[in-house]
Amino acid sequence: MIRSFSALLMGVSLCPLLANAAEEAMWPEWVEKSRELSMQLGKELKAELGAAIQKGGPVAAIDVCHTRAPAIAERLSAESGARVGRTALRVRNASNAPDDVQRAVLEQFAGDLAAGRVEGPLEAAFEIKREGGIERHYLRAIPTEALCLTCHGETLAPELAAAIARDYPGDQATGFKLGELRGAFRVVWPAASEPATH
Numbered sequence: 082m083i084r085s086f087s088a089l090l091m092g093v094s095l096c097p098l099l100a101n102a103a104e105e106a107m108w109p110e111w112v113e114k115s116r117e118l119s120m121q122l123g124k125e126l127k128a129e130l131g132a133a134i135q136k137g138g139p140v141a142a143i144d145v146c147h148t149r150a151p152a153i154a155e156r157l158s159a160e161s162g163a164r165v166g167r168t169a170l171r172v173r174n175a176s177n178a179p180d181d182v183q184r185a186v187l188e189q190f191a192g193d194l195a196a197g198r199v200e201g202p203l204e205a206a207f208e209i210k211r212e213g214g215i216e217r218h219y220l221r222a223i224p225t226e227a228l229c230l231t232c233h234g235e236t237l238a239p240e241l242a243a244a245i246a247r248d249y250p251g252d253q254a255t256g257f258k259l260g261e262l263r264g265a266f267r268v269v270w271p272a273a274s275e276p277a278t279h
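With the numbering used here applied, the sequence shown closes on residue 279, and no number is skipped along the way.
In case anyone wonders, no lab produced these hints; they're calculated from the structure.
Take the hints with a grain of salt, since some may be wrong.
Claimed, not checked - Restricting the straight-line Cα-Cα distance to at most 30 Å, the calculated cross-link-like pairs of lysine-lysine (BS3-like) are:
#1 Lys127 - Lys210
#2 Lys210 - Lys136
#3 Lys136 - Lys124
Said to hold, decoys possible - Restraint-style ranges between C-beta atoms, simulated for each label pair:
#4 Asp181 - Lys136: 21 to 29 Å
#5 Asp193 - Gly123: 29 to 37 Å
#6 Gly256 - Lys136: 33 to 41 Å
#7 Pro151 - Glu188: 21 to 29 Å
#8 Ala238 - Pro271: 20 to 28 Å
#9 Ala141 - Gly214: 19 to 27 Å
#10 Asp248 - Ile215: 20 to 28 Å
#11 Leu259 - Pro109: 32 to 40 Å
Just so you know, even glycine gets a beta-carbon here, dropped at the ideal spot from N, CA and C.
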């Protein structure tokens with residue numbers, strides 16, 4: 082279900098798009114395109130992580146996250162004109178840190194998951210009015226799954242912990258439990274940018 086998000090943070094005006102998104106036909110085109118991009122990033126990343134773990138174990142998955150995840154996001158960004166990627170309240174890669182508005186949405190997602198108030202995918206879509214125009218944001222929650230726990234759980238194998246420390250010296254993304262909010266896929270359409278249509 083799409084969650085609209087309305088607040089006033091640091092002088093940025095957030096305009097809620099949908100109070101009730103029961104009908105997909107009501108979604109603006111950019112929301113649907115954002116959803117497709119986030120799902121594509123998730124699908125490709127999960128496939129590559131699963132293959133890496135089967136072939137070379139969890140340490141190989143760290144290499145996938147370190148090199149392939151940014152490459153996939155960069156390709157999807159170039160193809161769409163949006164900025165596609167991931168973010169979280171506790172990041173492994175500092176470049177994925179959320180801005181203040183995204184942090185507020187992530188905190189809402191975390192609260193909803195913790196309270197069991199989730200009937201489907203947790204998503205948020207909102208517009209931010211800036212001087213250059215309207216910037217469009219979409220976030221789709223990533224709940225912690227069993228596969229995530231290998232590299233983000235409470236207990237890590239020593240060689241895996243060493244690989245994470247090597248590639249991500251400022252890592253904050255461990256200690257998660259099944260079902261908790263791991264992070265979110267994010268898609269940002271810069272002001273005056275429109276989703277590419279195919």
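Going down the list of hints, with the structure as the test:
1. Proximity of Lys127 to Lys210 is assessed by CA-CA distance (about 34 Å); at most 30 Å being required, the pair is judged violated.
2. For a cut-off of 30 Å, the pair hint linking Lys210 to Lys136 is broken: about 47 Å separates their Cα positions.
3. With a C-alpha separation of about 18 Å, the suggested pair Lys136 and Lys124 falls inside the 30 Å cut-off, and the hint holds.
4. For Asp181 and Lys136, the hinted distance range of 21 to 29 Å is not satisfied, since their beta carbons lie about 40 Å from each other.
5. Take Asp193 and Gly123: their Cβ atoms lie about 19 Å apart, and the range 29 to 37 Å is violated.
6. A C-beta distance of roughly 27 Å is found between Gly256 and Lys136, which places it outside the suggested range of 33 to 41 Å.
7. The hinted range of 21 to 29 Å is satisfied by Pro151 and Glu188, whose Cβ atoms lie roughly 25 Å apart.
8. Checked against the hint of 20 to 28 Å, the pair Ala238 and Pro271 fails, with Cβ atoms roughly 41 Å apart.
9. For the pair Ala141 and Gly214, the beta carbons lie near 43 Å from each other, so the given range of 19 to 27 Å is not met.
10. For the hinted restraint 20 to 28 Å between Asp248 and Ile215, the CB-CB distance of approximately 37 Å leaves it violated.
11. At about 34 Å, the CB distance of Leu259 to Pro109 agrees with the hint of 32 to 40 Å.
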